[in-house]
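A.B. asks: Sequence:
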Amino acid sequence: MPDMPRPLLLIFHQPPGPDAAPFSNLVSVARDTLGEHHVRMFARAGVRRMLLISGRDAERSAPFGQRLAEIVAHERPRGGAIVMNGGAVPLLRPRDVRHLVATAGSPGRLAATNNRYSSDICALSRARTLLDVGSLATDNGLPRWLADVAGYRVRELPARQRLGIDLDTPLDLALLGTIRHGPRLLRRLGRAIVIPRRAALRRLAADPGAELLVAGRTSSATLHWLERHVSCRVRALVEERGLKTTAAGGRPPRSVLGRLLDLRGPAALGDIVAELADGAIIDTRVLLADRLGADEARWPTAEERFRSDLLLADGITDPWLATLTRSAASARVPIQLGSHTLVGPGIRVLLGS
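Each residue of the sequence shown is one higher than the one before, counting from 7 in our numbering.
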């Protein structure tokens, strides 16, 4: 009996530019390390065809779907495919890999992903289906396209919270540095970065008389975990989930906290949080999208966003973000800034679980 066609693994990687600053380079090194870790895991699971697609080498105005279709047309795979981005799923385990490989090798129209609404990794049978995916703007929407357009049965991998952690920022790397079962080299890199408000927020979370504000792209699963695992009360502002996948939908991004900052200025962040709670965990990308739109090209640079996450206002040239960061750093209550991982699956890492 002939061997079943082996799946094609596609890893989309965005390297830093030639003038990348220190934190951006650190993230790039960590993502390269993670990519090597993933390649070894998939090789042990029997995957032999792997492509690393450099976003900068192949930079063009074409949408993600068109590039993906062109790659599939060139490679002409006979079996399935696994599509992922370079900073995805750092806590992927061998059993997850086996599940993905089995899905890619299955008959019929079957797909598996870590998140059907905002995918970071997706395996599908019949890779040539992707020849028709040209209109897709980002990889996040691939499972929805497979289900809604291509007629696939899409399943989510178990342990969605573990697989929801990304490696996009130095703060993400620092969180990974605290996880015992994470990749060893990532733990070593992450331990060199201080999470500014972790100790104070852990004390707050253990205090039944305190209240914690969580603002941004958090989820019902995260709120359910907080309800069960922290002693403090939780006030949540759930805003702009699916920011990247719904940005083209017409209504511009809007944030309640962002509206308050418009009225009172970014220097008021510390006072606003203190009026609402005894500390906060805030997704600043929602605030930036509220102010500047969903297109990250209009935001302060990645390096400046990374510095803000670590409450390092010096070196941030954007006046609004520098003022916001200084307000968080000097606030009389602990405020931790970050991105979607922080207010999502990373929150249980931050608070000690």
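In short, the hints are calculated from the structure, not lab data. The model shown is predicted, which means the values in this text are computed figures rather than measured ones. Glycine included, each C-beta is placed from N, C-alpha and C at the ideal position. Mixed in with the good hints there might be a few duds.
To be verified - The following label-pair restraints were derived from C-beta to C-beta distances:
{"#": "1", "residue 1": "E281", "residue 2": "T184", "range": "29 to 35 Å"}
{"#": "2", "residue 1": "A205", "residue 2": "A273", "range": "23 to 29 Å"}
{"#": "3", "residue 1": "A108", "residue 2": "A273", "range": "51 to 57 Å"}
{"#": "4", "residue 1": "L229", "residue 2": "A280", "range": "49 to 55 Å"}
{"#": "5", "residue 1": "T184", "residue 2": "L229", "range": "36 to 42 Å"}
{"#": "6", "residue 1": "R101", "residue 2": "N31", "range": "30 to 36 Å"}
{"#": "7", "residue 1": "G299", "residue 2": "G321", "range": "33 to 39 Å"}
{"#": "8", "residue 1": "A68", "residue 2": "V155", "range": "14 to 20 Å"}
{"#": "9", "residue 1": "S60", "residue 2": "T184", "range": "29 to 35 Å"}
{"#": "10", "residue 1": "H235", "residue 2": "R304", "range": "55 to 61 Å"}
A.B. asks: With reference to the structure, classify each hint as holding or not holding.
C.D. replies: Going through the hints against the structure:
1. The hinted range of 29 to 35 Å is satisfied by E281 and T184, whose Cβ atoms lie roughly 31 Å apart.
2. Taken as a hint, the range 23 to 29 Å holds for the pair A205 and A273, whose Cβ atoms sit roughly 25 Å apart.
3. One distance hint, 51 to 57 Å for the beta-carbon pair A108 and A273, holds here, with the actual separation near 54 Å.
4. Distance hint check: the CB atoms of L229 and A280 are about 22 Å apart, inconsistent with the given range 49 to 55 Å.
5. Distance hint for T184 and L229: a CB-CB separation of about 22 Å, inconsistent with the stated range 36 to 42 Å.
6. One distance hint, 30 to 36 Å for the beta-carbon pair R101 and N31, holds here, with the actual separation near 33 Å.
7. Range check, G299 to G321: about 24 Å between beta-carbon atoms, so the 33 to 39 Å window is missed.
8. Range check, A68 to V155: Cβ separation about 19 Å, and the 14 to 20 Å hint holds.
9. Against the hinted window of 29 to 35 Å, the Cβ-Cβ separation of S60 and T184 comes to about 30 Å, which satisfies the hint.
10. About 37 Å separates the C-beta atoms of H235 and R304, a value inconsistent with the hinted range of 55 to 61 Å.
Hint compliance for this structure: hints 4, 5, 7, 10 are not met, and every other hint is.
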